[in-house]
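Colleague: Based on the hints, put chain B in the right spot on chain A.
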Amino acid sequence: MILLKFCLILFVVNSLTIGGGFMMLPVLHKEFVEKYHWITNQEFLDAIAIGQITPGPLTVMNAVIGYKISGLTGAVLAMVSSYLPCIIIVTLACRYYFHYKDSVIVSSSFQGIKPAVIGLLAAVAIPLGSTSIVDLMTFSIAVISFVVIAFSKTDPTFVIIGAGIVGALFL
Amino acid sequence: MYKARSISLKNIFLVFLKIGTFAFGGVYSMLIFFEKELVEKCKWVTHEEFIESVALGQMTPGPPIINTGICIGYKLKKIKGALVTTAGQTFTGTVLAVLLAIFYVKTKGNVLIGSIMKGIGAAVVGLLLSIVYKMAKNTIQDYKAAIFALTAFIALGVLKLNPIGLILVSGLAGFIVYKEKKE
Numbered sequence: 001m002i003l004l005k006f007c008l009i010l011f012v013v014n015s016l017t018i019g020g021g022f023m024m025l026p027v028l029h030k031e032f033v034e035k036y037h038w039i040t041n042q043e044f045l046d047a048i049a050i051g052q053i054t055p056g057p058l059t060v061m062n063a064v065i066g067y068k069i070s071g072l073t074g075a076v077l078a079m080v081s082s083y084l085p086c087i088i089i090v091t092l093a094c095r096y097y098f099h100y101k102d103s104v105i106v107s108s109s110f111q112g113i114k115p116a117v118i119g120l121l122a123a124v125a126i127p128l129g130s131t132s133i134v135d136l137m138t139f140s141i142a143v144i145s146f147v148v149i150a151f152s153k154t155d156p157t158f159v160i161i162g163a164g165i166v167g168a169l170f171l
Numbered sequence: 172m173y174k175a176r177s178i179s180l181k182n183i184f185l186v187f188l189k190i191g192t193f194a195f196g197g198v199y200s201m202l203i204f205f206e207k208e209l210v211e212k213c214k215w216v217t218h219e220e221f222i223e224s225v226a227l228g229q230m231t232p233g234p235p236i237i238n239t240g241i242c243i244g245y246k247l248k249k250i251k252g253a254l255v256t257t258a259g260q261t262f263t264g265t266v267l268a269v270l271l272a273i274f275y276v277k278t279k280g281n282v283l284i285g286s287i288m289k290g291i292g293a294a295v296v297g298l299l300l301s302i303v304y305k306m307a308k309n310t311i312q313d314y315k316a317a318i319f320a321l322t323a324f325i326a327l328g329v330l331k332l333n334p335i336g337l338i339l340v341s342g343l344a345g346f347i348v349y350k351e352k353k354e
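From first to last, the protein sequence lines are chains A and B. Residue numbers 1 to 171, in the working numbering, belong to the letters of the first sequence in order. Residue numbers 172 to 354, in the working numbering, belong to the letters of the second sequence in order.
Just so you know, the hints here were simulated from the structure itself, not pulled from any lab data. The model shown is predicted, which means the values in this text are computed figures rather than measured ones. There are no misleading hints in this set.
No farther apart than 30 Å at their CA atoms in a straight line, the calculated lysine-lysine pairs in the DSS-like style are these:
1) Lys308(B) to Lys207(B)
2) Lys153(A) to Lys308(B)
3) Lys279(B) to Lys5(A)
4) Lys331(B) to Lys308(B)
5) Lys305(B) to Lys153(A)
6) Lys153(A) to Lys207(B)
Extracted from the complex, chain B is given alone in its bound form:
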């Protein structure tokens, strides 16, 4: 961390560009890659600071990986660092996604692309359900959590209530239900 003051924004951008470009294969393998680059190779942050950033990334809204990067960027260069790590980390994905979007809009109506997207659409539904399954296994461990999940499911799936409102209400309910235990 002492060396951190002499690290240039350009270098931070380049390292995070690399991380963002090769960050395939799920959160866990991404974090290993992160740690190798930042802790072992660059020695910008210590192992403890890295763990702290990962924890913070998971406790804050938004994508945990990006948030971990923002936290490290902030530790290195304050707000400028946070901006640069976000830009570096998201650059490649955004450019590729926009290129695919252009291609997608241009080929609208093409029969072959239509068939491919039909297959992919079905797979995405399977993917969503597997995310639900995995998250549920990790998060829903007592009956209270199960009630939160079930209520939300019915409120959106059957009653068609507004999900932003539901998230706010579940946050409030969580505060009421869980605050005693924490204090």
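In isolation and in its complexed conformation, chain A is listed as follows:
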């Protein structure tokens, strides 16, 4: 039953969020952490980190959460339910490319969704930040990571690995 709910949430999220893997985080956090308590804030952050250091999109973090919830089956089902909506929607959009591209409904509603999910993502940083930023050291790590990724072209993977080393040495 949990697994079915889990897959359904992933299916819905991946059908609705536009603009890349990060944009699914607000919904996933609400459902997995706050509503169903399947994972903790810290585990959610860890899954994001694993999704970020592995090749490909962040979506792979769902496999990590799936594994945590019910082992290998969970991981495989997580991937299937994450990518299935993409396959359905994209092949349809590809087939009816010009209708889709010029569709007023699609473009105008996504024009509203795009800035809204940015607001949602900012809001989700609050509970995650209050879990992980607990002292001066963790605060400094967060600030430095922000500055490095926002204002340089450094691959976030290196920042995460660097923060892990700093954590091993000082935390």
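Modeller: Quick look at chain B alone, frame taken from chain A:
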């Protein structure tokens, strides 16, 4: 594209496996890598078809890179192609993520791993905020978009409303606000 009919599913899988395995370093560098493999080396799609697929990937829900691949797969071999490109592109990442997940679950409680994850957790929050900053700079360019973002922030951050509902409502609001301009 004419040659496309003779391309085997196995070859599509292998090329996308390669793309998915070496796809590090942000969307932009991934797309350059994509184009080199598919347009220049394999000559499976033309430059125009590639650009079209990238645009479609960004206009559809889900990860844009995967969606670009699905679109190219569909152009090459219809639905079979779409399935094969998705499988190829996501294979390496998924296997690595599952291995890390196994390791992660097994080492739960280990003090050193705990410290490492604490450092990483803080960095992920910085990463999230930098994504917010970058996306906001690209997307929020007028007061209407700013209102969408701010409303959503308050609705989730303060009022704790359901984000799926908020996304649906913002889509509806977007349709009402922006439809006139497009027509």
